[in-house]
Amino acid sequence: DSGVTQTPKHLITATGQRVTLRCSPRSGDLSVYWYQQSLDQGLQFLIQYYNGEERAKGNILERFSAQQFPDLHSELNLSSLELGDSALYFCASSPQGGRGVTDTQYFGPGTRLTVL
Amino acid sequence: GENVEQHPSTLSVQEGDSAVIKCTYSDSASNYFPWYKQELGKGPQLIIDIRSNVGEKKDQRIAVTLNKTAKHFSLHITETQPEDSAVYFCAASIAPLDASKIIFGSGTRLSIRP
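In order, the protein sequence lines correspond to chains A and B. Start counting the first sequence at 1; every next residue gets the next number (the working numbering). Start counting the second sequence at 1; every next residue gets the next number (the working numbering).
Don't take every hint at face value.
As the list claims (entries may be wrong) - Below, simulated DSS-like cross-link-like pairs (lysine-lysine); rule was C-alpha separation at most 30 Å, straight line:
1) A:LYS57 with B:LYS68
2) B:LYS22 with B:LYS57
3) B:LYS58 with B:LYS101
4) B:LYS58 with B:LYS22
5) A:LYS57 with B:LYS101
6) B:LYS42 with B:LYS58
7) A:LYS9 with B:LYS101
8) A:LYS57 with B:LYS58
9) A:LYS9 with B:LYS58
10) B:LYS58 with B:LYS71
11) B:LYS22 with A:LYS57
12) A:LYS57 with B:LYS42
To be verified - In silico negatives: residues of chain A with every beta carbon more than 12 Å from chain B:
13) ARG63
14) LEU83
15) ALA92
16) ARG112
17) VAL115
Since the hints were derived computationally from the structure, they do not count as laboratory data. C-beta atoms are modelled at their ideal positions from N, C-alpha and C, and glycine is treated no differently.
Build the full structure now, drawing on both the sequences and the hints.
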């Protein structure tokens with residue numbers, strides 16, 4: 001158990017809908033990362049937050065957004081869902097968010113999103 | 001940008017034998033190389049990592065070697081056991097860890113034959 005929690009574990013929804021995925025980092029970790037894992041794309045970095053602020057952005061679609069709250073939990077919002085958004089979404093956390101400090105990421109168990 | 005290639009994509013070994021997974025990277029600035037194990041239905045779990053100031057690191061049955069000149073690093077699992085069956089991912093990034101620059105390999109599905 002990495003100490004990172006994600007809810008829900010599974011999510012089934014229809015095209016055009018909007019969903020919110022939630023992540024709680026390990027105790028003491030200030031940074032949260034979101035990844036998408038699909039069969040044909042592997043692990044793709046989406047976005048990183050550090051202590052409430054966006055720190056790095058990867059291949060995140062404009063239909064997707066995220067935020068990190070004062071208690072450090074994070075939410076990933078996916079809107080106008082398409083069939084191709086079906087994937088596993090992982091959250092990871094690290095103590096210091098990387099810059100200037102040697103750091104390690106710890107992954108949560110993931111949320112499996114199915115768009116029908 | 002960085003590119004990480006991982007081989008083989010699938011690997012089957014007899015229980016008790018050794019398994020080796022290899023990765024190559026392209027960006028000579030990369031200096032942090034973690035390895036993750038992902039079991040079915042679970043998230044990637046960090047199993048070992050190495051930074052570029054060392055050439056080898058060992059943790060019980062798992063070891064990682066790094067050749068900076070050739071820009072490749074390898075995961076070695078000795079005395080394999082059924083619970084080693086999983087998908088293994090290598091990754092490369094610039095330490096300090098910049099999430100936008102961490103690149104994952106495509107994964108190796110390791111199966112341990114009883």
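Okay, the hints, checked on the actual structure:
no.	hint	result
1	A:LYS57 with B:LYS68	holds (28 Å)
2	B:LYS22 with B:LYS57	holds (15 Å)
3	B:LYS58 with B:LYS101	holds (26 Å)
4	B:LYS58 with B:LYS22	holds (16 Å)
5	A:LYS57 with B:LYS101	holds (10 Å)
6	B:LYS42 with B:LYS58	holds (24 Å)
7	A:LYS9 with B:LYS101	holds (28 Å)
8	A:LYS57 with B:LYS58	violated (33 Å)
9	A:LYS9 with B:LYS58	violated (34 Å)
10	B:LYS58 with B:LYS71	holds (19 Å)
11	B:LYS22 with A:LYS57	holds (28 Å)
12	A:LYS57 with B:LYS42	holds (24 Å)
13	ARG63	holds (20 Å)
14	LEU83	holds (22 Å)
15	ALA92	violated (8 Å)
16	ARG112	violated (9 Å)
17	VAL115	holds (19 Å)
Taken one by one, the earlier hints fail for this structure at numbers 8, 9, 15 and 16, listed in ascending order.
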